[in-house]
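Chemist: Produce the entire structure from the sequences given, and follow the hints as far as they go.
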Amino acid sequence: MDFELSPEQAAIRATCRTFADEVVAPQAARADAEAAFPYAVVGQMGQLGLFGLPYPASVGGVGADFISYLCALEEVSRGDAAVGITLEAAVSLGIAPIYHYGTPAQQERWLPDLCAGRRLWAFGLTEPEAGSDAGGTRTRAQRQDGHWLINGTKCYITNAGTEISAGVTITAVTGAGAGRPAISALLVERGTPGYEQGPPYRKLGWHASDTRELRFADCRVPEANLLGRDGGGFSQFLRVLEAGRVAIAALSVGVAQACLDASLRHAQQRRQFGRPISRFQAIQFKLADMATQIELSRLMTWRAGALIDAGRPAGRFAAMAKLHAAETATACANQAVQIHGGSGFLEDLPVARYYRDVKINEIGEGTSEVQRLVIASHLLGLGGSVSALIGPEEPG
Amino acid sequence: MHVAVCVKQVPDPSGVGRLDPATHCLVREGVEVVMDPGDEYGVEAALQVAEATGGDVTVVSMGPAKALEAVRKALAMGAARAVFISDDRLRGSDALTTARVLAAAIARTEADLVIAGTESTDGYTGTVPVAIAELLDRPALTFAKHLEVGDGTVRIHRQTEVGHDVVEGPLPAVVTVTGGINEPRYPSLKGIMAARGKPVEQPTLEELGIDPSTVGLAGAAQRVVAVEPAAQRAAGQVVVDDGTAAARLVAFLDDLKVI
Ligand SMILES: Cc1cc2nc3c(=O)[nH]c(=O)nc-3n(C[C@H](O)[C@H](O)[C@H](O)COP(=O)(O)OP(=O)(O)OC[C@H]3O[C@@H](n4cnc5c(N)ncnc54)[C@H](O)[C@@H]3O)c2cc1C
Ligand SMILES: Cc1cc2nc3c(=O)[nH]c(=O)nc-3n(C[C@H](O)[C@H](O)[C@H](O)COP(=O)(O)OP(=O)(O)OC[C@H]3O[C@@H](n4cnc5c(N)ncnc54)[C@H](O)[C@@H]3O)c2cc1C
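So the protein sequences, as listed, match chains A and B. Position 244 (the first sequence) corresponds to 244 in this note's numbering; numbering is contiguous. Position 203 (the second sequence) corresponds to 203 in this note's numbering; numbering is contiguous.
Just so you know, the hints here were simulated from the structure itself, not pulled from any lab data. Incorrect hints may have been included.
Facing chain A, from chain B, some residues (calculated, C-beta under 7 Å) [what the hints assert, rightly or not]:
#1 Tyr186
#2 Pro187
#3 Ser188
#4 Leu189
#5 Lys190
#6 Ile192
#7 Met193
Chain B is nowhere near these chain A residues, computed Cβ spacing over 12 Å in every case [to be verified]:
#8 Gln142
#9 Asp218
#10 Leu264
#11 Asp348
#12 Leu379
Built from N, CA and C at the ideal position, the CB exists for glycine as well.
Modeler: Okay, here's the thing in structure tokens:
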């Protein structure tokens, strides 16, 4: 067994590390304070090739593998988690469904711009009444004279409302299935009458990332905007989220590493009781625990990523990676603030931002509770299905 | 135009270098290594010339096997191919031997223009490029902070202590560039993937027509006899501002005859 990155993976990681240090990190504090979407950085990331990284050249991508993408995401997120989620949502939630399920016409229309980072595509699954229980989708789409008529509301959607947002893939109930309603995925271009985005939310962290509510009121899209099979939406987003979770794990590792780097620097510089605080065992143990948990998280993330590269089911490993990495990142941010003392509570240093930015990793793309349900479902022979684990709905 | 660019892998300049007490050679094992930051300017300059003239760039490098990473980085930035000389017998070679090896490799390319850094970040002799020029019998235009190629000529701008030189020479030629001549590009991620398929020729000493007995530590014309740490600089003079600091600073600089 060899845990070394290939020369290409290592080179991509090195380039992204330099890019994160020179371009991403320096703008983070200001973008965070002003809640300003990082258009300039996104433009440079597009030129570098980050948005098309794990997709083949035939659709405008770079042709690298998923592990390379994980390395890139970790490095970018180490510089700024808000830029990290912008990249992750664009690549794993925006491009992936179109790449995996799109018709050649749909791919030709959108993938070149999306892979180049000129435009962003969003993924609208979550609804006010359907969060962890994404199968509880209420948004409806009805076929009507060659069109789909969409009505409903999506909430907490990333990348849908920027100046370069091109559209969103939404899930909607399109008919009755066996037991639960049939859910399908539809592509909705920005600017379609009846599709509106709410104002940006005020968030605890990820201030520079674009998150909004989306409303669909008699929104008509052509029949050809169905993505994949009619009724195939549920299984599609499960697959999309599987890879997305590994990506969120990589993002978490990046923030956790930033916490450790900052803590190591500070602990060696800050002197109390006549010596650097790094000489106190209480601080040393925090640093050792952080480093160990980060290393474990990264290994688990790469493990899941290697399965995705091999085209093998990654479900339980993806859930384990995300669960462990997200909880590690939160713990690291907590300890990083602690090691920084009062200075860690001030917005003058990036650790306060890490602390605010990190919690969401335990929520987005499936909460930590949901990851545990997925893992338990695998352990209990239910194939990772959460609904099979929980059983039928109780009458409310 | 075909351009050859010299690229050296060096210990990461942000780390602390260490010399082997016995051989006085830089310890290269277990040290983070990178493409010499000075050579990034060279690669960028070479790519710009090639792009402007519709030509291509050949990377030329000599170093241990690991130096292939620096070669690959230059390929990822956009160079078309590489000649990489990596031979255990070269271990311990001095600057003149390095120049002989690189010159022999460059002579096998079609390059009209050879670009190198002014001086490396580690060895720092600043002699390799001019030695290459001499061995190839080509003019050397050094310390370029601006570079343009014309019809059969190359012209550089050089900042000196007394002013600004504009130097022109006939092609083929060797040019050394200084930091700040350009803004080196990041290797694009597409470039990194493409580098995998680009040809890297690895000639042996024999193929380069170099007698192995004349290289390495034994063949070095230069011997490092002793290495001593530089003397600690005396603490500077602190001027505390009591309202007259500006005047005292001016007087101090005037004494040094720098203003
Ligand atoms: C900044 C941000 C960006 C986002 N971006 C997107 C996006 O681009 N696209 C998108 O579709 N969604 C997005 N989301 C939504 C995100 O995926 C959901 O918030 C998440 O899945 C949780 O759903 P919920 O908020 O409805 O929480 P709920 O499902 O209401 O959960 C509340 C709590 O109950 C727990 N819980 C629920 N069910 C169970 C159970 N069976 N057992 C144990 N505990 C349970 C949860 O773990 C959680 O602790 C984003 C969210 C945020 C905050
Ligand atoms: C006794 C002795 C033993 C040595 N042993 C070793 C050794 O074992 N390993 C080792 O690496 N060095 C060794 N060196 C140092 C080595 O000789 C010089 O570093 C090397 O020859 C280049 O000189 P420089 O770094 O001063 O280059 P400079 O002349 O300062 O470099 C200027 C430019 O020339 C080009 N250039 C220089 N060297 C190379 C190269 N190798 N490949 C491509 N382009 C290049 C680059 O563009 C560089 O920016 C030894 C030196 C001595 C005196």
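Chemist: Each hint should be assessed against the structure and marked as holding or not.
Modeler: Hint check results:
1. For the restraint placing tyrosine 186(B) at the interface with chain A, the shortest Cβ-Cβ distance is roughly 6 Å, inside the 7 Å limit, so the hint holds.
2. For proline 187(B), the interface hint holds, since its Cβ comes within 7 Å of a Cβ in chain A; the closest pair sits about 6 Å apart.
3. Given the 7 Å rule on beta carbons, the hint for serine 188(B) holds: about 5 Å separates it from the nearest Cβ of chain A.
4. Contact between leucine 189(B) and chain A, as hinted, is supported at the beta carbon level, the nearest pair being about 4 Å apart and thus within 7 Å.
5. A hinted interface residue such as lysine 190(B) counts as satisfied when its beta carbon comes closer than 7 Å to some beta carbon of chain A; here the least separation is about 5 Å, so the hint holds.
6. Below 7 Å, beta-carbon pairs count as interface contacts, and isoleucine 192(B) has one with chain A at about 5 Å; its hint therefore holds.
7. At a threshold of 7 Å, the smallest CB-CB gap from methionine 193(B) to chain A is about 5 Å, leaving the interface hint in force.
8. For glutamine 142(A), the shortest C-beta to C-beta distance to chain B comes to about 43 Å, beyond the 12 Å cut-off, and the non-interface label holds.
9. With 12 Å as the threshold on Cβ separation, the claim that aspartate 218(A) sits away from chain B holds: the shortest Cβ distance comes to roughly 42 Å.
10. Every Cβ of chain B is farther than 12 Å from the Cβ of leucine 264(A); the closest lies at roughly 16 Å, confirming the non-interface assignment.
11. Chain B leaves aspartate 348(A) outside its interface by the beta-carbon criterion, the shortest separation being 25 Å against a cut-off of 12 Å.
12. Against chain B, the non-interface label of leucine 379(A) holds: every CB pair exceeds 12 Å, the least being about 38 Å.
Every hint from the earlier list agrees with this structure, and none is contradicted.
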